[in-house]
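K.L.:
Assemble the complex: chain A is given as a structure, and chain B with the ligands must be docked to it using the hints.
Next come the chains, spelled out residue by residue.
Protein chains: 2
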Amino acid sequence: EVYSTLKSELLHDPAFEFTDESRKWVERMLDYNVPGGKLNRGLSVIDSYKLLKEGKELTDDEIFLASALGWCIEWLQAYFLVLDDIMDKSLTRRGQPCWFRQPKIGMIAVNDGLILRNHIPRVLKKHFGGKPYYVDLLDLFNEVEFQTASGQMIDLITTHEGEKDLSKYSLPLHHRIVQYKTAYYSFYLPVACALLMTGENLDNHIEVKSILIEMGTYFQVQDDYLDCFGDPEVIGKVGTDIEDFKCSWLVVKALERASEEQKRLLHENYGNADPACVAKVKELYMALDLQGVFAEYERTSYENIIKRIEAHPSKAVQDVLKSFLKKIYKREK
Amino acid sequence: EVYSTLKSELLHDPAFEFTDESRKWVERMLDYNVPGGKLNRGLSVIDSYKLLKEGKELTDDEIFLASALGWCIEWLQAYFLVLDDIMDKSLTRRGQPCWFRQPKIGMIAVNDGLILRNHIPRVLKKHFGGKPYYVDLLDLFNEVEFQTASGQMIDLITTHEGEKDLSKYSLPLHHRIVQYKTAYYSFYLPVACALLMTGENLDNHIEVKSILIEMGTYFQVQDDYLDCFGDPEVIGKVGTDIEDFKCSWLVVKALERASEEQKRLLHENYGNADPACVAKVKELYMALDLQGVFAEYERTSYENIIKRIEAHPSKAVQDVLKSFLKKIYKREK
Ligand SMILES: [Mg+2]
Ligand SMILES: [Mg+2]
Ligand SMILES: [Mg+2]
Ligand SMILES: [Mg+2]
Ligand SMILES: [Mg+2]
Ligand SMILES: [Mg+2]
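For the protein sequence lines, the chains are A and B, in the order given. Residues in the first sequence are numbered from 275 upward in steps of one, following the numbering used here. Residues in the second sequence are numbered from 275 upward in steps of one, following the numbering used here.
Looking at chain A on its own, in the form it has when it is part of the complex (with noise of 0.2 Å):
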């Protein structure tokens, strides 16, 4: 697998004497925190390269390369939530506690977190070194990661920062917030390295850039709908962003339509853990009918996403957008 060769290629990296003990904790922190997810961003790169590549059957060459450059979204993927736990001060990820969490380990996982990042360019290097995009592999993963760590600061100055203060929420913000910290690294990056792949040039593709944002934005919307109506036995886990005063889609979209009344209702009680506060701020949703806005957002923006998909010149990309597009359209999980 191709996971255990990347691993046992870190662990005996030439440009590091590791000690045994050193070795050891690596590939502990590895195991811990890279497998283990649901690894969509991962797989996406092979299930498109595969698209873009029309039926023709992949050398296990190019099967291995298209599964490694999805590890590294995983890596990534891996450093950002061993920090975010961090400065979230969360308990619990992937149903196990989280890395900082550990007996011994504490504020070591901020520099596990720089490892895990640490070994994206190691991987491409070792594997992409000689290929012709490889200077635009590198280029890829700085920006969007510079665009991800951007995001994540505007939703920790946001939410983080001083006293709870609705007022600051809003459409435009929460679009950005979910632009940058989610969009970019989960949907365009995938497809962004499965294009390298295939030899083609990114400034050629801002329009499948911008398509692939939308998408995202849409899962980021549904995520923030799923924790709130979402069936907690199909999602797996039980919602919190109402206690945890999260800048989610619903409590915008509340803002937006309530009166003055009802703006004073979520101002009192929005962010409050109590079970009362909670309930009293899903009553709200329910009067103001934001399963009906959702219902009506979901159409329009999966209507609007079809369209521009469709309108672009090539089948193969309308069928990689299209699998993403099916894999999250009503989802319930």
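Just to be clear, a hint being listed does not mean it is correct.
Just so you know, same-sequence chains aren't split out, so a pair can sit in one copy or run between any two.
Here are the simulated lysine to aspartate or glutamate pairs, EDC-like style, with alpha carbons at most 20 Å apart [what the hints assert, rightly or not]: (1) K438 with D294; (2) K399 with D413; (3) K442 with E291; (4) K400 with D477.
No lab work stands behind these hints, which were simulated from the structure alone.
P.N.:
Then chain B with the ligands, alone, in the frame of chain A:
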């Protein structure tokens, strides 16, 4: 001034749509963390580049580019220091409170560290994007960052993990931590940047790298020595390596030379903040004549480095290395 130019470009980077709040946040964060150091590493790039050009007048463009690379190293340093202070739970840095201890910052400082790190490829892309050595610059910064984070890792897991255990400390471990955590980015990186600017291939400069790493090691041994035996008035701080249970060259040498009885004394008192314990350790250092051992180390280390420098075929490269050595030989701060 180059710093202001780079900062202004970063605050208007088209790859991210800043909110007013986030632009102000980044500006304040940069001003707090990036300038204000001694700028040794940054200035070394220009000094080295000048020497490599053997007296030829530099164009304004060359000066700007060499300065920009110098600032990238300062940005890298700021990134490491912001995160190191969080991991070490430090109180002050460069005479002011650590960034994460500022009001309303806290763990957002983790992401600020990432922003600092992500600024480096933005600067490189903007100013070096078309240069023939662009990909080598990216590789260089990536490799050096990986090595620094790896050195930091062995430092963290030996110093912080579990109970204090002096028996792990040895000269090879000390050497490994210093080499990776400090020498690569502080000594090798500035010269490597200058070499790339002159069109050199770094693969042909393995010996230069090795000499610079040896100088970096020598520099850190001095740092460890001055922490205990330097004049606080001159070095600008009161050393606390003994209290902090640091893997210092002094404790490693002491362990090497101590009798069983003296080892016991070290084990009992090292890493204890009680001034009486610190005094006992210092007395032992004196009894073992570590001042004499250091003087001898300094002499042989200097001689060895000079011999290696003079064996180098290029006079210009010799000058670069000698100018580094001159800055640190017998330094008292
Ligand atoms: Mg979180
Ligand atoms: Mg977060
Ligand atoms: Mg959510
Ligand atoms: Mg420190
Ligand atoms: Mg430290
Ligand atoms: Mg020191």
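K.L.:
All the hints need checking, so say for each whether the structure fits it.
P.N.:
Hints versus structure:
1. In this homomeric assembly, K438 and D294 come within 20 Å of each other (Cα to Cα) only across copies, at 18 Å, whereas the closest approach inside a single copy is 47 Å.
2. Proximity of K399 and D413 under a CA criterion of 20 Å is satisfied in both settings, with 13 Å inside one chain copy and 8 Å between copies.
3. Proximity of K442 and E291 under a CA criterion of 20 Å is satisfied inter-copy only: 17 Å between copies versus 49 Å inside one chain copy.
4. In this assembly of identical chains, the alpha carbons of K400 and D477 lie at most 20 Å apart only when taken from different copies (16 Å versus 25 Å within one copy).
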